[in-house]
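One line per chain: the protein sequences are A and B, in this order. Read in this note's numbering, the first sequence has 121 at position 121, and its numbers run on one by one without any break. So the number in this note's numbering is just where the residue sits in the second sequence, counting from 1, plus 145.
Hints in this document: simulated from the structure, not taken from any laboratory. Keep in mind that a hint or two might mislead.
To be verified - Derived lysine to aspartate or glutamate pairs resembling EDC-like cross-links, with alpha carbons at most 16 Å apart: (1) K269(B) - E142(A); (2) K254(B) - D169(B); (3) K251(B) - E142(A); (4) K251(B) - E55(A).
What the hints assert, rightly or not - Simulated restraints, written as ranges between beta carbons of each label pair: (5) K191(B) - K125(A): 45 to 53 Å; (6) I105(A) - E232(B): 32 to 40 Å; (7) K127(A) - A154(B): 27 to 35 Å.
Unchecked claim - These stretches of chain A come out as covered by chain B in the derived footprint (C-beta under 8 Å, 3 or more residues): (8) 5 to 11; (9) 67 to 79.
Note that CB positions come from ideal geometry on N, CA and C, so glycine has one too.
Listed here are the chains, written in short residue letters.
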Amino acid sequence: MKRIVKKIGFRYAIVLTAICSILPFVSLILNEWRDAMGQQLLFLSFMALFCAAGEVIIIESDKRNFSKKETMIRFLIHYMYINIVVIYFGIRVGWFSLDNFLEIIVVTLMIAVIYLINILVSYYKDKNLADRMNRILLSMEEEKE
Amino acid sequence: MKIIIEEPAENAEDEIIIRCKELDEKMIRLIQGVKTNSGTVVAHDKNMTYMLEPDEVFYFESVDNHVFIYCRDKVFESRQKLYEIEEFFENSMFFRASKSVILNVKKIKCLSPAFSGRFEAILKNGEKIIISRQYVGVLKEKLGI
């Protein structure tokens with residue numbers, strides 16, 4: 001439970017940071033830069049909280065591990081969930097409407113970019129760790145010989 | 146049950162001889178107890194009981210409440226629970242790789258990052274085992290990182 005809360009908190013911070021970073025660009029694209037920012041940021045924090053709560057979809061339970069296929073499916077569901085949350089809050093705040101298909105596409109693409117960056121950073125980090133561990137395994141093997 | 150302790154002849158190896166009418170569950174547990182303390186793994190295949198050296202074992206896997214012992218090209222069954230095996234090999238090169246697998250670090254050929262913070266271990270017999278994100282820390286510890 002502690003681990004899940006920690007993960008949600010961490011993800012909340014990341015999503016909030018990412019959205020706040022992208023916010024000026026979104027506002028510029030949608031030409032709503034001068035609207036009530038305070039209210040929008042409040043909505044934003046709620047949106048980030050909902051996004052972070054979506055972690056429960058992809059966090060492995062204490063009882064079993066997900067298979068590779070299940071992990072991929074869960075990530076896809078998570079991606080769709082994030083899209084729904086962002087689009088819902090976006091419509092509520094008035095950033096865009098369902099009538100404008102282009103706006104929805106832009107938001108979906110932005111979420112995809114954030115996802116991609118997140119995956120690439122994690123992969124790069126894991127690749128470095130794997131290389132480090134492989135070097136140790138190799139030296140263990142050499143010592144044995 | 147009668148217990149006889151005899152002094153071995155000079156230069157003779159210490160040995161335990163079990164003389165019994167049949168190798169029942171109670172007797173197998175006794176052998177397991179003795180063998181566990183000497184670091185050997187008691188393995189079963191059909192009606193045969195084998196004593197394996199830990200270095201022969203690639204990994205232990207729990208499937209439907211049965212624990213299997215995977216060697217290079219042979220699979221045995223263990224009467225021990227996975228957590229008991231984990232406890233016994235706590236200070237060795239075996240580590241919990243996922244909820245259902247205990248892996249021998251010495252049998253890992255190389256590691257590569259898998260999706261979502263997990264790692265894939267390619268074993269020396271060509272098998273692939275997934276190391277869950279939550280157990281990567283244990284592997285790092287075993288490798289001294």
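**Request:** Against the earlier hints, flag every one the structure doesn't satisfy and list their numbers going up.
**Result:** 2, 4, 6, 7 and 8
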